[in-house]
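**Q** Read off the chains here:
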Amino acid sequence: MGLKKYYALARNSFRESTAYRLDAVTTLLSSIVFLVLYFAVWTAIDSSGEIDGGLSQVLTYLVAGQVVSNAAFIQTEKFVGERVRKGTVVNELKRPLGFMSHVYFHELGHAVFNIGAKALPVLAMGALFLDVPVPGPLQSLYFALSVFLAFNLVFLVAYTNSMLVFWTKVDWSLRMTRSTVQNLFSGVLFPLYLLPSGLETAFSLLPFRAMADSPIQVFLGNVSGTSLLGIYGIQIFWIIVFFVISRLAWSKARNKLTVQGG
Amino acid sequence: MTLIEAENLSKTFRIYNQGEGVKGYLKSFVSRDYREVDAVEDLDLEIEEGEMVGYIGSNGAGKSTTVKMLTGILEPSSGRIEIDGLDPHAQRKRNAMNIGVVFGQKTQLWWDLPVKESFRLLKEIYEVPDEKYDERIDRFDDVLQLSEFWDQPVRKLSLGQKMRCELAASFLHYPKIVYLDEPTIGLDVAVKERIREFIKEMNSEEEITVMLTTHDIGDIEDLCERIVVLDEGKKIYDGSLDALVNRFTSRRLLVEFRGDADVYPEIEGVLETEESGSEVEIVFDPGTVSASDLISGLLERHEVVDFQLKEPDVESVVKKIYNEGLEE
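Sequence lines, in order, name chains E and G.
So the numbering used here is basically just the index in the first sequence, starting at one, shifted up by 224.
So the numbering used here is basically just the index in the second sequence, starting at one, shifted up by 53.
If we strip away everything but chain E, and leave its shape as in the complex, we get (with noise of 0.2 Å):
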């Protein structure tokens, strides 16, 4: 069994992103937009008052946030909906692969465009500008396969998060409200470091950390050795749970489809 076909379905996916490279463009002057508002907002609470760990650590962290952010930067339920709206679904689903595969590599070849259009941009301003310390090659390393297991488990959360458009028809709200509950929930928001223990205990048993705190936690250096497998474990652990309730998320959908017209 071929792996080409996954590979040929990536790159014409990559390909197909930078036929919207203004799309890229713009999307990388929010991040710059949203770069430059942290650094406004939390120099002013750092002239207000002490920040845990100072006011450098908290830059670094966000930036690293943003970095993930756009890599696993995913609309599956957009490209979902858009299919079972117009019925061109049955064009996936008349070829000899899964659904899911479909989806998940349309996905990955994406996420190459987005990580040398969006994510590495990021880092490289937030590096000049806001002095983010770079990680070494070994770090880097670490770093980038924790990217991908975020990238995997976001994919999975939006895969299961899409199914629901078999019933609602509608993705836009589906999809604001899963990003905005992981970005609040995830750390790309505001450092979880300085939630009060408590709070912290409890978004530490949500999935959503693991799709961009546990990366950040590798990029500012903060773990080796066994806690560095213990981040992996912990991701693998949620990817685990959302492939299981995908599956069965698509085999209730399957048997929703109507496929509308003609």
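Just to be clear, a hint being listed does not mean it is correct.
Said to hold, decoys possible - Taking lysine to any residue pairs in the SDA-like style, the calculated list, with each CA pair at most 20 Å apart, reads:
1. G:Lys-209 / E:Glu-240
2. E:Lys-476 / G:Ser-131
3. G:Lys-80 / E:Glu-240
4. E:Lys-480 / G:Tyr-87
Hints are computed from structural coordinates only; laboratory data are not their basis.
Chain E is fixed; fit chain G onto it per the hints.
**A** Just chain G now, kept in the frame of chain E:
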């Protein structure tokens, strides 16, 4: 060998009722009234290897729903399907290797990429070896002339160009069966002819079984020896096109007599006559009396100057079936 076999196949959809206006809209959140609609009802179908079958019926008759069940996309509400020994829904991926499908109104091409990229992906998906791929693309190009827009992004193609691509894409892996759901919809005459030529060639030379749904009289006349007619989810005819036409058009004979002629009481099978001067148009039932018997009968009894047999017309038959069903 029987390739496609469906038995007592039914598909029921739930249609949720939404009341009128804002009140109805709000109500639809709490009460979910629905009615059930039988898109396909108790359908039996057998298609042999190498056949080309036209599947016709008015809009909403259940043609597409049938195709979606045969391709494994939809699960039947009841009944059994076997495609080359496989259950297409339960064994969807295996079955998908054996089939090609065109959904005429739903393109599978990558909108922003050059045409060839969509084909390269399909080459990998269906595991077509390099030499075979090149050979087939050349062959498709001869009939469908794909090379003129091979490097252009799909969004720049005309409808006809896109449909030529869709068709080539569905035959790329030389599947056992190709399902074509309205392959000529909205196309001009020249493109339609090219597409029909291609389908015929693939069917006769590669023995690819073809099932096509269409509203196009030309498709039916040109391509299909056998047709299956569906009306409101039920199969109402399955047989040769000729037999259908003979059964549902009473045929017409235009006769010019010398002097007056009184034909109708004498020959059995004559349904009505219309006289204008010495010319009489005789409508007869070909099931009761053949055209030659009718003509020789007339020649025995009357002095005939000229006669002309009017050909049965497929279009009027199809129109009649769409409007009235098959009741006689």
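**Q** It remains to establish, for every hint, whether it holds in the given structure.
**A** Hints, one by one, checked against the model:
no. : hint                  : verdict
1   : G:Lys-209 / E:Glu-240 : holds, 15 Å
2   : E:Lys-476 / G:Ser-131 : holds, 18 Å
3   : G:Lys-80 / E:Glu-240  : violated, 42 Å
4   : E:Lys-480 / G:Tyr-87  : holds, 15 Å
Checked against the numbered hints listed earlier, the structure breaks hint 3 alone; every other hint is satisfied.
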